[in-house]
Every structure is written in structure tokens, then in C-alpha cells.
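Novice: These protein sequence lines are chains Z and X, in that order.
Here our numbering is used: the first residue of the first sequence is 1, the next is one more, and so on.
Here our numbering is used: the first residue of the second sequence is 1, the next is one more, and so on.
No lab work stands behind these hints, which were simulated from the structure alone.
Misleading hints may appear alongside valid ones.
[Stated by the list, open to error] Residues from chain Z shown here face chain X by an in silico Cβ test under 8 Å; the list is partial: (1) L12; (2) A86; (3) P109; (4) L115; (5) F196; (6) I199; (7) G238.
[To be verified] Sample of chain X residues facing chain Z (criterion: CB under 7 Å; computed from the structure): (8) L21; (9) I25; (10) L83; (11) V86; (12) I111; (13) V112; (14) A163; (15) D200; (16) I222; (17) M242.
Ideal placement from N, C-alpha and C gives every residue a C-beta, glycine not left out.
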Amino acid sequence: MSPVKDRKPLYLMTPALAWLTAFMVVPCLLILALAFFRRGIYGGIEYVFTLENLAMVVDPLYARIFLKSAGIAGLAAGIAVVVGYAAAYAIAAMPRHRQPALLFFAVLPFWSNYLIRTYAWIVLLNREGLIVHLFRWFGYEGELPQMLYTETAVVIGLVYNYLPFVILACYAPLSRLNPEVAEASHDLGASQWTTFRRITLPMTVPGIAAGFVFVFVLSIGNFVTPALLGGGQFQMIGNLVYAQFLTANDWPFGAALSMALIAVMMVLLTAQTFASERASGQGGRDA
Amino acid sequence: MPERGKTRLMLAILAGVFAFLYVPISVLIALSFNAGGLPTAWTGFSVKWYGELFANRDIMHAALNTLIVAVVSTLLATILGTLLAVGVEIRRRKGRFLETIIFAPMIIPDIVLAIALLSFFSMLNVKMGLHTIIVSHVVFNLAFVCSVVRARLKTFDWSIVEASADLGASTATTLRRVVLPVLMPAVIAGALLAFTLSVDEFIIAFFTAGAGRSSITLPMQIFAMIRFGVTPEINALATLVMLFSVIALALSQRLNRGGLPGQ
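Please construct the entire structure, taking both the sequences and the accompanying hints into account.
Specialist: Written out as C-alpha cells, the structure is:
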């Protein structure tokens, strides 16, 4: 290899790495440090070491919000994986030449603005919205349950926003499956269901894991969807963090909350890497 | 299950999923052209809501801010990200630490980066405004540009770099005349992706914009508007913004047939 290849990279990388260090690494370390300081009486920061903020995260009052966020994120991720896997499976079952177009249209909505995709559900679910009008139009005059500003609306919004990614993640391993393996299984007398359960499903675990973790991680820290579809009173961890910084003015506690959020995320991403490596048995490079 | 039944089931699944994905945005787009502006009844096709949009000073002001933020942050991110990508791919040894730093801006939760930057800027007593949004957007944008360009470099034939050096070209000349032309489609694809991400980004901008209305961006304006409910104007605005993202990213995808990371 030429000397060009070994000496030069440093000055090429320096500007970007300096930028990332100054505006990502340092601010994140700052947040980490902030979590161990005390909140000042008037909302500032007192530079006294304390573990109070971290203790507060596990305080039942806030731990409940954490668990609720995890529950909603888990539900959204679970639904997204089931629906997304089914869609990916169906796309992979279509004729080969049709698959790229189907995949393209499955991912297309993902390219548009997140706020707008969430807003689209406000249009559908609100009291004067399309769904209510459809019911009226069919002649239903009775009382309809509140749809917008509920937990269900939040879950729907999360599934809707992240479904395309799950389809993409599940399609990758499904499209790589060798059809001869399934045929062999069939020839050996296995039913379609058994073949799916014992062959297809295990071989596509990396896609499922990636999809689940992606939706879960983005959902648990989400602040836009609960704020818009959950209504003002609805709180998830993301909204709690938001409030500490912009309304309650308790930065150390907000910092501690986001540390907890990062910790959950890292555990999940590690678990996902581990699951993919085990499933593919060869270092999980394509996960 | 017989083959026919299976195919039917697959088609049914696809129909259901595509309906779920497309009905909400289609309704939104349709309503933006409804003269009456209400979901209650179709009162005729009209583009008057689009006209109102362009007459709305707040929206135009926010759109201009967004344009400034997106253009400047994309330029910076494209330069930094491309250099970074070339630097990383030239290296023979890949450090895990380096990979983590480069990958982090793409997976770190927005809210965490947002509050980290807010704390950082306010502790340094930096007055926040469009410039702090730009600085913040460069963080994730450069990571996305870098990963698009790196994908292209994976199939790059480094022997032409050696040939160029052997023929007496300096490193700078080699980069400019040999590496960059090959990379150009990926660089433009990365820049388009960065531009779109910046135009659409809400949370980080929201936290680093500072107080007051002067540095409000389009997503911040949209967020403020939709909290108060559904109006035909938002429908029109949403349709335009959606159209923009989809076109820009489709273009980016076309230029760079390797697929976009994170998209």
C-alpha cells in the first residue's frame, strides 16, 4: 500500500472530528456531569456533587412514567414488527421484478416530515375528523369514544411513523433466503407452517431484532408523538425531559433522565447486536 | 395452504398495509384542495389555501429561516463529511472508537442531543439563534453525508490513487482530480439527504433556536400550528413540505444507487 494511504487521513478527518467533539461529545459529557450536580434554589445549577437526581429517576413517581413509556414503546414496537414482518414477507413472496417498486412505495412515506405524518392522524382522529364523519355518514348517531389524545392514538402514531423502517429491516433477510431450503423442508414432509416456524423465522431474526429495537428506542424517548397525539396531560419520558429543561427548570434531573434513556438504549442495541451475531453465526456483519 | 390461497393472503396483507400507510397522507392532501376546507364535505377543488399560505408572513418568515439553516448546514456538513469519509476509508486499520463517534450522531435520540446542546450553549453564554441551529444540524448532517460517501468508497479502486501518486501528483491534486470526480454522485446524494434532514428537523432546532420568534423554523411553525388543531392552511403547507422531501430524497436515491442509510 502506498504511503499516501497511511499518512494523510488524519488531516482529512480532523475538521469533522473536531466538530463532533466540540458539539456532540463535549455537550453529552456535560449532560452526564450535570446529572450529578444539585439543582439551585432558583432553578440554576449548584456545583455540589449529589446522587439525588439519579435516585429521583427510580423514585416510584417517575419510575412509573418510565415504565409506562417502556410499555407504550414495547407495544408499538411489537405491533410494528408483526405488521412490518407480514408486509415484508408478502413483498418477498411477490414476483422478483415487482419487489423493488413495492419496497419503494412501502418506504416512501418514511421520507416525509415526521410532524406531518403525525398531524395526518390528528386529521383522521379528531372530534370533527374523517373517521367520525364516516360513522355519521353510515348513519351511526350514537356516542363515539374519544380517539385523539389517547394512549391508543400515541401507539398508532408511533407504529405509523416507524413501520416503513421495520418493513425494510425485515425484507433484507427475507429476500436473501434461499428458496431451495424451504423446498427441501417441504419435500421432507414439513408443513408450510412448520417450515416457516423452524426455518424462515429463525433465519430472519436479525431483521426482526433490528426493527424491534429501532422502533422501541425511537418510541421510548419520543416527545413529538405524545405531545401531539397524547394531548397536554400525556407524559412519556421524552416529555418529562422536555419539561425539566423548558418549563420546570430542573436541568440536573432532566440530565439524569436522559442518561437513563441512553442507558436503556445502549443495553438494547448491544442485545440486538448479540442476537444478530448469534442468529447469523458469523459475526453479524449484515445486521 | 394451497398456493392460490397463499397468494391471495399475501395480496390482502399488502393491500391492508399500503392502505394504512397511504390513507392518512392522502386524506391530508385531498383536504388541502377542498374549497370549503372542512373534512365534512367536498365543496369543490381549489388552490386558495395555497395562496393563503404564501400570504402568511409568519410561514414565509419561517420558510426563509429554514432555507438559510438548511443551505448553510448542508454546505458545511458536505465538506466535513466528505473529507471524513475519505480519511476513514483511506486508513487501513478501523478503530472501533472512531466508528462509534461517527455513528453516534445518527442514533443518539434527538431529545438528548437537543438538551445537551442547549445546556452547552447556555453554559458558554452563547446567544442562541439561527447560527446555533446551523452548528447543531451540522453534527448529524455530517454523519449522514459521511456514511453515504463511505458506501461509495467501499467499491472504490484505490490503485488509481497510487497510479496518480506514482505519476507525480500531490495528494491534494489526487484528491481533487481523481477521487472527487468518482465520488461526486455520492457527495451530491449525501448533500441532498442532509438538506432534507435539515429542512425536516424539529426537536434540535426547537431547543437551540433561543427565545423569541425571530429564529423560528418551518417545522417549529408547523408544530406550533398543529397543536391548535386542523386548518386547511396546515394541510396545504404539509402537502408542499411532504412533496419537497419526497422529491429531494428520490433524487438523492437515484444519484446514489447504494441505498440511503437510515432512510
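Novice: Under 7 Å, Cβ to Cβ, is where V86 (chain X) needs to be relative to chain Z, so tell me if that hint holds or is violated.
Specialist: Status holds, d = 5 Å.
Novice: Was the hint right that A163 (chain X) lines chain Z, CB cutoff 7 Å?
Specialist: 10 Å, violated
Novice: May I ask you to test the interface hint for G238 (chain Z) with respect to chain X, counting a Cβ-Cβ separation under 8 Å as satisfied?
Specialist: Nearest chain X Cβ about 5 Å off; hint holds.
Novice: If you take the shortest Cβ to Cβ gap from F196 (chain Z) to chain X, is it below 8 Å?
Specialist: This interface hint is violated because 10 Å lies over the 8 Å limit.
Novice: Does the closest beta carbon of chain Z sit nearer than 7 Å to the beta carbon of V112 (chain X)?
Specialist: OK, holds: V112 (chain X) within 7 Å of chain Z, min 5 Å.
Novice: A closest beta-carbon separation below 7 Å is what the hint needs, so does I222 (chain X) meet it against chain Z?
Specialist: 5 Å, holds
Novice: Holds or violated: is the Cβ of L83 (chain X) closer than 7 Å to a Cβ in chain Z?
Specialist: Holds: closest Cβ of chain Z sits about 5 Å from L83 (chain X), inside 7 Å.
Novice: Given a cut of 8 Å on the nearest C-beta pair, is the interface hint for I199 (chain Z) held or broken against chain X?
Specialist: 16 Å, violated
Novice: So, P109 (chain Z) near chain X? Judge it on the closest CB pair being under 8 Å.
Specialist: OK, holds: P109 (chain Z) within 8 Å of chain X, min 5 Å.
Novice: Have a go at the A86 (chain Z) hint: is there a Cβ in chain X nearer than 8 Å to its own Cβ?
Specialist: Holds - the Cβ of A86 (chain Z) comes within 8 Å of chain X, reaching about 5 Å at its closest.
Novice: So, as I understand it, the hint says D200 (chain X) touches chain Z; can you test that by seeing if any CB pair is closer than 7 Å?
Specialist: 5 Å, holds
Novice: Minimum Cβ distance from L12 (chain Z) to chain X below 8 Å?
Specialist: With a closest approach of 3 Å, the L12 (chain Z) hint holds.
This entry does not satisfy hints 5, 6, 14, going by the numbered hints stated previously.
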